[in-house]
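Take the given structure of chain A and dock chains B and C to it, following the hints.
Chains as they are written, first to last, in this note's numbering: chain A, 11 to 302; chain B, 818 to 1121; chain C, 123 to 815.
Careful: at least some of the hints might be erroneous.
As the list claims (entries may be wrong) - Here are the simulated DSS-like cross-link-like pairs (lysine-lysine), alpha carbons at most 30 Å apart as the crow flies: (1) LYS597/C to LYS201/A; (2) LYS614/C to LYS147/C; (3) LYS614/C to LYS41/A; (4) LYS201/A to LYS147/C; (5) LYS201/A to LYS581/C.
Said to hold, decoys possible - If you only want the chain C side, here are some residues facing chain A, beta carbon under 7 Å, derived: (6) LEU544; (7) PHE559; (8) ARG569.
To be clear, the hints were calculated from the coordinates, so they are not data collected in a lab.
Don't be surprised by glycine CBs; every beta carbon is placed ideally from N, CA and C.
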Amino acid sequence: MSTAVPAPPAVELSQASIARRETLGQLARSKTFITGAIIIAFWVFCAIFGTKIAPHDPLDQSFPQLLGLSRTYPFGTDQLGRDVFSRVLAGAHDILIIAPLATLLGIVGGTIIGLVTGYFRGVVDDVVSRVVDAVLALPLIVIAVTVLVGLGHSTLTVIVVIGLVFTPIVSRTVRAAVLAERQLDYVAASKLLGERAPYVMFVEILPNVMAPIVVEATVRLGYAIFAVAGLTFLGFGVQPPSPDWALQIADNYTLLNAGTYWWTVLFPALAIISLVVAVNLVADGLARVLSR
Amino acid sequence: MTLFVLSILVFAASQLLPGDIGRNVLGPFASSHDVQALNHELGVDRPIYVQYGDWIWRLAHANLGMSLEYKVPVASLLGPSLINSLKLATVAFLLVVPLSIIGGVFAALRRGHLPDRVITLTGLSLTAVPEFISAIMLILIFGLLLNWLPVTAASPPESDVITQVKYLLLPGMALVMVLFGYIARMARAGTIEALDSDYTRTAYLKGLDTRTVISRHVLRNSLLPTIAVIATQMGYLIGGLVVIEKLFNYNGIGQRIYTAALNKDFTMLQSGVLVVGLVYLTATLIADVLYSLLNPRIRYAAAE
Amino acid sequence: MTEPAPTLEIRNLDVVYRVRGRDRKILREVSLTISRGETYGLVGESGCGKSTAALAVVGYLASNGRITAGSIRVAGQDVVGLSGGALRHLRANDVSMVYQNPGEALNPSIRIGDQVAEVFRIRGAERPQALEQAEKALARVQIADPGSVLGRYPHQLSGGMQQRVVIAMALAKDPALLILDEPTTSLDATVEAEVLDLIQQLRSEFHTSVLFITHNLGVIAKMCERVGVLYAGRLVEEGPVKTILNDPRHPYTVGLLRCVPRGGTRKDRGRLDTIPGFLPSIDQELRACVFADRCGLAQEVCRTDEPPLYRITADHASRCHFHEQAQELPRATPEELGQPLAVDRSGTPLLQVDDLTKVFEQQGRHIHALEGVSAALWPGETLGLVGESGSGKTTFARALLGLVAPSRGTVQLDGRSLPPRLSLRTQQDVRVLQIVFQNPDSALNRRHTVRRILRRSLKKLASIAGGALEARLLKLASSVRLAERYLTARPKQLSGGLKQRVAIARAFAGEPRLVVCDEPTSALDVSVQAAILNLLVELQAQRRVAYIFISHDLGVVRYISDRIAVLYLGRLMELGPAAVVFDGPHHPYTEALLSAVPTIDGGGRARIKLAGEIPSAAAPPSGCVFHTRCHRNLGEICENEEPPLVEVEDSHLMRCHIPIEELRKLQRKGSTAMAPPTPSPPTSAAPLPASSS
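One chain only, chain A, in its complex shape (with noise of 0.2 Å):
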């Protein structure tokens, strides 16, 4: 540690939320949280506003088809006549409704099952350690179009999925962390207080494993924004007729090869961009704050 500085020793606090308060204040002062935040802001906003700030309906097809970049329809319109920009505005909706509750589910599971099997350790750890290393064997997408065949596609397919497949991922990360904390004495002292192990898996050490939960959510967002992409990409995620972004570039890629018509992509392209960009600015922005 060759840039130990010496510790200031005992500050004089009188508030306990200063702790909390100076992450916040880090995280304020942080260009990449920041930047990262306004632009999921941005979207959030679109996706439950999207249809009515939108010049046109993004359902319409009645306007002339595939109309390069005007005043009118300024990103063009696609091949069965609808408004680019109005379908980029609003085609934020179902990916930002399936991506945060796939987390979701793949974050809460995967806490409960990393702090029991990290706490416990023994037979169940061995057993689901070997599981997590079955599905990590399997890509996300590879397993989720096998399922989404068998189970038959719907939005709530997709969500459980996605979420199921976290699970083990997220766990093996919790679990990490919970292997580091329990070997800290307070988890000692508190079983000597005659706590039970529930009482110390959720109050002792859940707090303390937060930090990297917290990155892992935001870190899993991402990826669950580029699986559901790739799925709805593939035919197994958001089905038409939705504006969804991917989809939009699913229906018109094909275009590609003759060279024109780029526009009916690279918007939708862009957008996805930028909200998968901003979700990973804002978990490096997180990630750097707490792991301090």
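Just chains B and C now, with coordinates in the frame of chain A:
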């Protein structure tokens, strides 16, 4: 190897998911008699464990079964596809490993300065973008705007290696963009940890110059964890192939799995998924071996 | 290098670190000189700037650190602002540095041989020659079979061996200056003693000047000729080591020396003195005397005028306006005693442990962490637990508490058997047995406030709820001298001493009858340690609580313990009243352990060298487990037959084949003879000389 057995259990589970295979294949309007006949023919009306045992037995004899869709042995279709996919994966792999390691190490050495921020944020953003999006951007830029590279992946038959590589470059680059950030981040973290260590200080205080310290003392320790990560990324690489192969209309294993899924060709799907899992397991196995060969702590722990 | 320039000359050195956009002063006008062949000790508590001084000398300050004023000369050459090449030349030829953790100082993936050879290769040697020289270098630091060590990796060597390798690398270039930064702090007492002996010997061989940095005053007394005392980045006192230790002229030095339990001080003869307050924060601007806020002698002038360096004698200087009265520093803690502490051992013991054994299974190997330990403890008594790492001290404590289930043996409370596992014990039993851990950072949940931690412990251990809780909480906090304003803080915001008070309060929430203190002060500075020891003694006097006190610091153990148990490889080697165990006759292992500890008062005991390393608990030696290292090994009987633990005299138990009278004779002879500190360990089974003195 328990891993292997358990992964097969997972496949078995996925095999059992689609309730009534015959109904699924023939569709809702087929007579129940036909459905039963097909189920019987496929053997899916037998008890689960019999099917599982039978499946394992055939696997052990390298018999992947017949494709429901094409009525030919699955292996005859999967084999060439796998080779095609491995070609694409190799191109991507050969591009991404040196690029990301150099990027990660460079970022670590310039920690906190502009090059670090640029590499870290670029990598992060690229990783996050779904591969079909990166691919489309690449097509738009290199294929259409600049017209440098072919926009399909499959080269004309009988083309030489260079032409083949040229055709694989765009889809390969799309995969590189997904993997770069993750591997580079690992390489950066490992290097920073090694740079901050006491042994690096020892090396500097011996009077060694920076270049020797980095090459002899830092890299050796910093790249070990990166090797493990590269192997797990092989899994993502193969997963990414499904989308990329569809986009570039390339006859690889991903495309096979995709069409099998669309056509409800369960034997094909099952085998394809199994092959993907095996590739991943092989990659992690190789990484484990490499890791322990390079890490004396593990190499000698086993011997003692 | 024939010029008479001193090896190291630091003049008015100022070093700052840039933290959160502001420069914080770490060193203030530090000046010191080390002449050729001299060993200079730099002493001070954590955060005083010791290591920064060392790193400034080798030009390896952290990237946010900067020398803002002053000069550093090594053998006449100014090293401040040296260019890359010149700096490398300096490091390759003139200055070496050894630091605390030898395991981390060596590259884990390069063979020892290549790492040592590198020192020679920088200076132009080819690999084969460099390896040959490396082998010689290893031989010089008394590594047996250096040839085979060359081919090994660091993780295959013990901590002591690793530190020898690091020292060999440091001395290989025959440097003018060797900087040792806490080189033995992470080592066990017997290993530490060996490394210190080695350094002493090599120093006279190489005529190297040494800058020895440590917080341990005993090590300073043993190793150094002159010493500088650093406080808040300022050198507050400097002089010959004997003068500083016996005639200190700065109140900080005076206070520091008073905090250390020494010369057989015991808890029933009075409290330890303490230094009130805290080290000033690095954010604080210090214009006057840096110590004024904590000094009992401070006057108005101390808070306004920076004291100059007063020369007391030619080689003794102090930065105190009142250096003449420094030794009249009033006590910060009154010496008065608590209530009498007499222990009544007539009734049923509070705790009775029989045949406690724990075997861990690890990768197919059986690790005998604890082997048949039996002991009893009465109310209000302190049992000190002494032994090196791997001796089973912590396993013993954890087995008592039910944190690990013993493989064999019983724990009885008031004559009643306790279930082996904590989860099977009643809440009443849980509350009676408590613990204070070594590291308060680890022992306190960093996400909870002090109030929350203490409320929960009162709720669980004292079954208090509702309105009464807050009143009890305040009472509990005040009983450990924890001011109310700290209750809203989280552990991170408290100093080490305050955190340890919170941990003690938690243990005492429910009227415990036995508290295990597992090295409760070893993570703390000496001034804080004294306050914590005082608190523990006070609580014991008030509540008749019994302690099991684990520590590697024998001075501390002696201060606080009524009886002492000595463990080696999981076995009880000796158990007896503190005075008897310390004054002897003692077990040969105890004898060696005591002789290994450097004391401030110096000398007294002949240094006994133990042969070899501590054996692995997975494969303990046959017969007496200590025979492989014992300097009084009798031969066959010790190698084949495990001696029983017998009462050799009134309430003094020992596990040794040598009769007590024989030990008495041998040890009296040893200590009066003041033998040179290197009686080579007898490896042959020589019969005991039956001489009578």
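Right, here's what the structure says about each hint:
1. LYS597/C to LYS201/A: holds (24 Å)
2. LYS614/C to LYS147/C: Distance ~23 Å between LYS614/C and LYS147/C Cα, so the pair holds.
3. LYS614/C to LYS41/A: holds (27 Å)
4. LYS201/A to LYS147/C: violated (44 Å)
5. LYS201/A to LYS581/C: holds (14 Å)
6. LEU544: holds (6 Å)
7. PHE559: holds (4 Å)
8. ARG569: Holds. Min distance 4 Å.
Going down the numbered hints, you'll see the structure goes against just number 4.
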